[in-house]
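Given chain S's structure and the hints, the job is docking chain X onto it.
As given, the protein sequences belong to chains S and X, one line each in that order. Heads up, the first sequence is in UniProt numbering, so the first residue is 1 and it goes up one at a time. Heads up, the second sequence is in UniProt numbering, so the first residue is 1 and it goes up one at a time.
Worth double-checking, as some hints may not be accurate.
Unchecked claim - Straight-line C-alpha distance at most 27 Å; calculated DSSO-like pairs for lysine-lysine: (1) K159/S to K159/X; (2) K159/S to K242/S; (3) K159/X to K242/S; (4) K159/S to K242/X; (5) K159/X to K242/X.
Source of the hints: derived by calculation from the structure; they are not laboratory data.
Each chain, written out:
There are 2 protein chains.
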Amino acid sequence: MRTTGETLAATLAAELPDGAVVTDPDLLVPYRHDQASGTEAGQPAVAVFPRGTEQVQAVMRVAHGRGVPVVPRGAGSGLSGGANAIDGCVLLCLERMDAIRDIRPADGYAVVEPGVINQRLREAAAAHGLWYAPDPASRDWCTIGGNIATNAGGLCCVKYGSTRDSVLGLEVVLADGRVTRVGRRALKGVAGYDLVSLFVGSEGTLGVITEARLRLRPLPAAPTTTVAVFPDLASAGRAVEKIMNVATPSLLELMDATTLAAVERFQPMGLDASAAALLLAQSDLPGQAGTAEAEAVASVCEAAGATESYRSEDAAQADMLLAARRLAFPALEHLGAWLLDDIAVPRSRIVETISGVERIAATRDVVIGTFGHAGDGNLHPMIVYPRDDPDAERRALAAFDDLLGLALRVGGTVSGEHGVGVLKRRGLADELDPVARSLHTSIKQALDPTGILNPGKALPLRP
Amino acid sequence: MRTTGETLAATLAAELPDGAVVTDPDLLVPYRHDQASGTEAGQPAVAVFPRGTEQVQAVMRVAHGRGVPVVPRGAGSGLSGGANAIDGCVLLCLERMDAIRDIRPADGYAVVEPGVINQRLREAAAAHGLWYAPDPASRDWCTIGGNIATNAGGLCCVKYGSTRDSVLGLEVVLADGRVTRVGRRALKGVAGYDLVSLFVGSEGTLGVITEARLRLRPLPAAPTTTVAVFPDLASAGRAVEKIMNVATPSLLELMDATTLAAVERFQPMGLDASAAALLLAQSDLPGQAGTAEAEAVASVCEAAGATESYRSEDAAQADMLLAARRLAFPALEHLGAWLLDDIAVPRSRIVETISGVERIAATRDVVIGTFGHAGDGNLHPMIVYPRDDPDAERRALAAFDDLLGLALRVGGTVSGEHGVGVLKRRGLADELDPVARSLHTSIKQALDPTGILNPGKALPLRP
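Next up, chain S with everything else stripped away, as it sits in the complex (with noise of 0.2 Å):
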């Protein structure tokens, strides 16, 4: 007997609450995509929207018995299309599960429900003096659960790590429907395998989070802020080297010629038209240790050779100086349509990439402005190209490839922070040995044997 999905939204709906199924295909269009360009999405055969744990066991159990793909969402803030839909899948959105279960200073955690937005963790967090570190720049409206399925990155990361860095533990439905809790409440512990990091960043292919529990903070200190700019990419490049050798900066970022002039363009802001590149760093040291690793990083960067470098402690005047920073996806967006990559090299081949992403460029006949954390030696090329122009998509999704192509070349990685979902799975398949790719195939198989969990996703193109 064949599925149909008014059968399976039946089915569904009777161990589900009133309002917890959606069918209408009008209803779904919203669900059916993340934020990623240049991406497919199929047509889903339901959406799902539970409210507990054991909603989530029952729906699993529903798709399992039936083999129905099952696509777990968050926000759908996500850049790689891990969320996207697969066609007659389930999708199981997780944006009602929104508590905010517990804050225990005490013991330094949060417990939260996936759906909960990040910047209301933050906020929570702030109330009681403290701090969740990360940061997406999807942060006022991405979830939690989505955080974790993509191990979610940011600015922070560079001196606090990514979000598998904030995890302590995760309770996780499995493909069969079964409940498990892996982690612990202590911040330390290595009792069994780390199933917590096997989770994080296996966008949904291997579990779904049902609750965390995340590691908070003191809040730090209000940021001391340095620009500096240069005149060419090589001593930016030095610049970057030998910053993180002497300094723990919180913030570490860089935009490229094509970037400033975007931002210039498309907001004036007195950028310097002729710099190769702008630095942007912050150090989060209290008082006269700010003030000091802030000085340690603009008199290297002055030794590298930045024309000019000016340094603010005042919080108002830091966020005008990061607002430049955080214009580089707007200004570039504006003109055109866009593909954004996510590329992380060796700090030290920071320069040899952003002259490749040049020649691309050039090559390809398409604009790419490089912006990124360059401290963890994070890039974002993001290639614009003319909207409705086939011929120049074409180039694009060719200059695309060439990125993937670049960094493994330089050693360094096709996903920095986005996740690999359908847009880089041929580039996670290149960047594998082979070995390696048979692993992550048994390693799913062990824990999704029937494969129903966001398939065609996270994984290497070929085995």
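Relative to chain S, chain X alone:
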């Protein structure tokens, strides 16, 4: 045909250089055990000392072909029996693979073979002004490979994390002799499942580490040290909770009354014999920020009820203050036979845990001194009992089990940093839920289907 030790050794000898295969039982003695007291070890068939990845692969292919168990080991400094021999096994001794292959300041990492001594890497990094953070107590003689296999901890974890947090990439030989490289050269990346974290801490049950790429950081500033003495446990516990919310100490250690008394008897240092607990904290923030952080710690301690607190920025004096903490283990060891535990609990439960330890000591009629890394809730209750007293040994073993039960009752873990080995397999089974236990079995089966890698170690005792 039964494989005898002789034909096994001859087959291995044909694959390895002269002197790389040892079968003389007398010569094998020092390789049969790690440092865990109260654990059994079997009689190995042979020990091999490969000098490169291909030789490790050859050993694994021979063992895999014959179904012979393999126990990988570094220096044997482990404290859970994870490196103890199994009857008829191949002891895979990695101590001769001790090259520091590369130190790359511009990229912030070192590449080392598994047999490199932790302290040797620290010194090599320091020559470049850089720092390898992980600092297990055995750092003068333990190996990087063993540190990774056990996800070793140390004093630095409270600020810089466990060994995992300094591992960027690994080369691993699998059970069947295939080799793979997992992880990355960039400081950040999310492409594919986190196989690095799966191998780190898996105690040789999933693969053999043959190379590691390790993160190096800027050398921290000379620390400012604070010592505080407490009249009761509750006030010390309150201080720990609060310190971690207002500061990020680079070290936060605790000693209880039993430990203090043992240290003072072992080597009189003028410690307050009436104190219930001593806290030792360091800040490695530079200059005035370090002073300010130390002052914040001291004022938290005083507000919590410390009877005395003092502070030193002088390196020699700081070493003296740390000396008491470093004497905890030898001072207690001096009192008789011992069993060292390694639990970690949420920090709000430290006081309850230490009180529980005291009750267990009274009930089981043994001495238990508790010291450890209070900042991350990792406590080392050390059970001391008369040598050559079978009844006392029985009571000590019962107390050891009681301690694991106590850790789990307060929401903690049976191992904060020493690993499971053979000592904690029942405790691990108690800690994990049945689904998490089955995930361990599935993953072990996926990566080592014939079960030759360190069988009888690290996994929960019951599936």
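Hints, verified against the model:
{"no.": "1", "hint": "K159/S to K159/X", "in the structure": "holds, 12 Å"}
{"no.": "2", "hint": "K159/S to K242/S", "in the structure": "holds, 15 Å"}
{"no.": "3", "hint": "K159/X to K242/S", "in the structure": "holds, 23 Å"}
{"no.": "4", "hint": "K159/S to K242/X", "in the structure": "holds, 23 Å"}
{"no.": "5", "hint": "K159/X to K242/X", "in the structure": "holds, 15 Å"}
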